[in-house]
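*Asks:* With the hints as extra help, turn the sequences into a complete structure.
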Amino acid sequence: MTGWLRRLFHKRVTEERLDAELRFHLEQRVKDFIASGLSPAEARRRANLRFGGLEQVKENCREARFEHYIQDLLHDIQYAFRSLYKDRRFAFVAVLALALGIGATTVTFSVLYNVVVDPFPYRDFQHAVVVDLHDLAAPPHDIARYHYTIPEFLAIRDQNRVFDDIVGNYQLNVLYRDGKGTRRFLGGYVTTNGFSFLGVPPLLGRYFAPGDGKPGTPYVFMMNYRLWQTEFQGNPKIMGQTFILNGKPRTLIGIMPQRFNGYGSSLWLPLDLGLGAEGTVFPVKDPDVIWVCARLRKGVSLQAAAADVDAILHRLAQANPGELYPQRFKIVVRTLLDFVVGDFKETLYALLAAVSMLLLIACGNVANLLLARASVREREIAVRASLGASRGRLIRQLLGESVLLAGAACFAGCLLAYFGLKGLVAIIPRGPIPEETVIGLNPAVLLFALGTAVLTTLICGLAPALHAVRRNLSLRMFGSGKGTAGGFHHGNLRSGLVIAEVALSIVLLTGAGLMMRGFFALTHVELGFDPARTLYARVTRAADFYDNAAPSELEVPGKKALFFEQVRKRVQALPGVLTAAISLDFPPLGGAGSEITVSGKPSQQWESMVDLCSETYFQTLGLRLLRGRLLSESDIDSARHVAVVNQAFVRTYFGSEDPLSQKIKFNVFDQLPETPHGAYFEVVGVITDFKNRGLVAPVRPEAFLPHSITGFDDRMIMATTAVEPKSLLPSVQREVWAVDSNAAVTHSGSIKDFLAEEAYIQPRFSLITISAFAGMGLALVLIGIFSVMAYHVALRTQEIGLRMALGAQHGSVVAMVLWQGLRLICLGILIGVLVTAGLVHFLAGQIAGVSVTDPLTFGVVVIVFLGVGLAACLQPARRAARFDPLIALRYE
Amino acid sequence: MEQEKVEVLKGTLDMLILKVVAFGPIHGYAISQRIQQISRDFFQVPEGSLYPGLHRLEDRGWLQAKWQETETGREAKFYTLTRAGRKRLSAEMVNWERLSEAVALILSTAE
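Going down the list, the sequences are from chains A and B. Numbering of the first sequence is given in the working numbering, commencing with residue 1 and proceeding in unit increments. Numbering of the second sequence is given in the working numbering, commencing with residue 1001 and proceeding in unit increments.
These are computed hints drawn from the structure, not numbers from a lab. In this text, a Cβ means the ideal position worked out from N, Cα and C, and glycines have one as well. Be careful, since some hints might not be right.
As the list claims (entries may be wrong) - Under the rule of at most 20 Å between Cα atoms (straight-line distance), these lysine to aspartate or glutamate pairs were calculated in the DMTMM-like manner:
#  : chain 1 : residue 1 : chain 2 : residue 2
1  : B       : Lys1077   : A       : Glu595
2  : A       : Lys330    : A       : Asp288
3  : A       : Lys11     : A       : Glu59
4  : A       : Lys663    : A       : Glu682
5  : B       : Lys1077   : A       : Glu55
6  : B       : Lys1077   : A       : Glu59
7  : B       : Lys1066   : A       : Glu16
8  : A       : Lys11     : B       : Glu1058
9  : A       : Lys58     : B       : Asp1014
10 : A       : Lys691    : A       : Glu758
11 : A       : Lys569    : A       : Asp585
12 : B       : Lys1077   : A       : Glu16
13 : A       : Lys601    : A       : Glu657
14 : B       : Lys1077   : B       : Asp1059
15 : A       : Lys58     : B       : Glu1097
16 : A       : Lys31     : B       : Asp1014
17 : B       : Lys1077   : A       : Glu27
18 : A       : Lys691    : A       : Glu526
19 : A       : Lys663    : A       : Glu758
20 : B       : Lys1077   : A       : Glu15
Claimed, not checked - Covered by chain A, according to a simulated footprint, are these stretches of chain B (three or more residues, beta-carbon under 8 Å):
#  : segment
21 : 1023-1030
22 : 1036-1050
23 : 1067-1079
*Replies:* Following this line, the structure appears as structure tokens:
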């Protein structure tokens, strides 16, 4: 073992010994020949003849030894360094292309891995499932409900044979009163097994124990990390202290760590389902509030679990027919991951597809560059081969360059990935991905990057190396070595690569273009009002009604309405406010729905959205009256049962009938407290349609009723303003507390900001990333076309010189080269457009408001590509035209 | 005529070298002479195969080399068999015997 090391470092000694050994042999032979009677000169001649080439034998001896491999490797690396340095521009472009591909793939894979494959820090989360109830009469993707009543939950918990553990929880608003005023937090009741279910230990204190929440036990609660940090500055001394929550003193027993967002609340209360336990007392009979999360027993499929729960709920439905169950329904069990990530998965898969294309383009580019180089170096390779380099050696030498390139690209790619990921994390929408997700480069991702690099090396390096060596080498040396016209050996392969690159890039660019159009359409939906000048503030008065079992002194509906009216008048009086209104929700995203019954019409499953508002609502949102009248101040004051409906309502339910004076009952009111049960509302007016169910979906029927008919604790104050809405928020808060210090402003801001956060952020994320990929792809293709055309022109120097010597004009030479490039580009565009047209329906879910075969987008992409492609060909073409025929002909 | 001398069969040269070296320390020239002599001038070992072969066998650890003086007082590289080389030789000889038996069997089969 030490032998080869010694020989490696004492190369001179080794060489001398090899020489001495072989010379000894020769001299012995000469001696023997002389002894057999030949003259010294003849003996030497014969001995030499018999020995063959001394250098060849030496080389073979060297190759027989192990250190030879290392020496060759070192040589190859050295040589690769030198030859890449000589051709710096090529090396730079190749490394850049590969690094872009590797970096982009790594970033996308990181996000995908962290969001889809491994998002939660929770125990055994692959087996955590949620339970949906589907109405079989509704479209297949509509979920009728995923909340259950307490009897339903208990039935599922006690009768199922498919779950190991099952957790129930529901959210509620928790009003927290300290000295200054009242604030609202999102709280949740969770069955006491909820925390051991997820398996994340508390940061401080303890979880709920099975006894917590039973009647007669002390009131306790737990808090999440964010609330602890923002409201209590991370002070650990608050552990064990008592807080007034929803009017009851409660002791803080535990704080959860940062990477925990189970049950989506800021603080948690223990839910015991025994008789009379707090948290089970609702003002309504059988409200379906419990969200169910369960762990599948080992080996049970989602379908089997669904069938089991389905049987339980159908038994319940048979025993208690009523509003809770649709005529025909079925249960679907899906994973918690699916529930949380949902549609965002599609966006990520689209990105992965886009980025794979980018990687393919990058590889194609580098392969093309290497092929072009190999063809220019044919002669050099032939010379090496005839000087005794073996094929294996030549392949290794060429491969050495690609390995070096890939190594550099891998390094650059990792850097790019690191910073790219930081950038992406900054723009990624937090909404659709689980909050616990930590997106970072992890070992698996790094391995993926390395795998990509190695694969790229093999694809790009080995193919040209084999290609260069496969043919008869000795023949090449006698050719011009640069390839004469028609002797452009790898023309077809390289043209094919360019065409493929163009086609892939077209797919990317068209996808990005469609997203851009879709996004533009989305942000320019006609809202009917100016979201930048509209302020909203949700105001909550008392405890959430679920938690407020005992009626307090405020429970006269009119009195509550009076509070909101007072707030509205004060907001209206603020300088900078034009009009102010009260509602339950605001367009275009909000709105509650209800089944309706129209007086005198057979009972059908009709539905409408309902908003409860003040008379100023229509003016504030700029809604125009079409027929009848709007709500009046006296309607509000006396809580009259009248309704204004939109056009969609009239179209859907009345057709050509006169909508005025029709009477409608909103069935949802029958199930709620503090609402008029069994009341019919008379239609008094019709207003114009406006977006009320998201920016994309068609307008749904909606009715507007006086807000004073109910005693809800929770209203929206909206105002159109002459100034930036945000600057008014402190004043609004002050006015609210001036009327009642127990009221809290929960969300507030301008509707524009709200839309930017809620409606635009995910499309914008897709748009930005896909556009970035498309831009990179376009740049890569530009480089690809340019380098191929430049090599092409270099190879044809002689031919072009000959043409010019025979009288070809500059213009015709330029046209010839351009035409050659254009042919490739056009073919690529054609294929790309066809492929895109075939693939584009996969994008349909991502893009709204524009047809996926939008001819404008396709047209613009094709034109951009023709322009970019021609620009890439222009420089090589003009260079060709500048050749001096004399020099070109002598060129060699 | 020299032309009629047969080049050593591919793959058997290693075995022949190991066998010759097994008799005791010997240099390259003597190996080629010995093979030629023992085979009664039937085999001729070309230098272009002999020396790479020797270096390969040394690299594998089957031969050991030492610079020593010859009987005429010149320095030459003498090869000796190592333990691994001895094992290798016997393995190759067993293989060869089975091979030649099998070939002989086939050739001696009546039609």
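*Asks:* It remains to establish, for every hint, whether it holds in the given structure.
*Replies:* For each hint, the structure was consulted:
no., hint, in the structure
1, B:Lys1077 - A:Glu595, "violated, 104 Å"
2, A:Lys330 - A:Asp288, "holds, 17 Å"
3, A:Lys11 - A:Glu59, "holds, 14 Å"
4, A:Lys663 - A:Glu682, "holds, 5 Å"
5, B:Lys1077 - A:Glu55, "holds, 19 Å"
6, B:Lys1077 - A:Glu59, "holds, 18 Å"
7, B:Lys1066 - A:Glu16, "holds, 15 Å"
8, A:Lys11 - B:Glu1058, "holds, 17 Å"
9, A:Lys58 - B:Asp1014, "holds, 18 Å"
10, A:Lys691 - A:Glu758, "holds, 15 Å"
11, A:Lys569 - A:Asp585, "holds, 19 Å"
12, B:Lys1077 - A:Glu16, "holds, 12 Å"
13, A:Lys601 - A:Glu657, "holds, 12 Å"
14, B:Lys1077 - B:Asp1059, "holds, 15 Å"
15, A:Lys58 - B:Glu1097, "violated, 33 Å"
16, A:Lys31 - B:Asp1014, "violated, 27 Å"
17, B:Lys1077 - A:Glu27, "holds, 14 Å"
18, A:Lys691 - A:Glu526, "holds, 8 Å"
19, A:Lys663 - A:Glu758, "violated, 36 Å"
20, B:Lys1077 - A:Glu15, "holds, 14 Å"
21, 1023-1030, "holds (count 3)"
22, 1036-1050, "holds (count 3)"
23, 1067-1079, "holds (count 5)"
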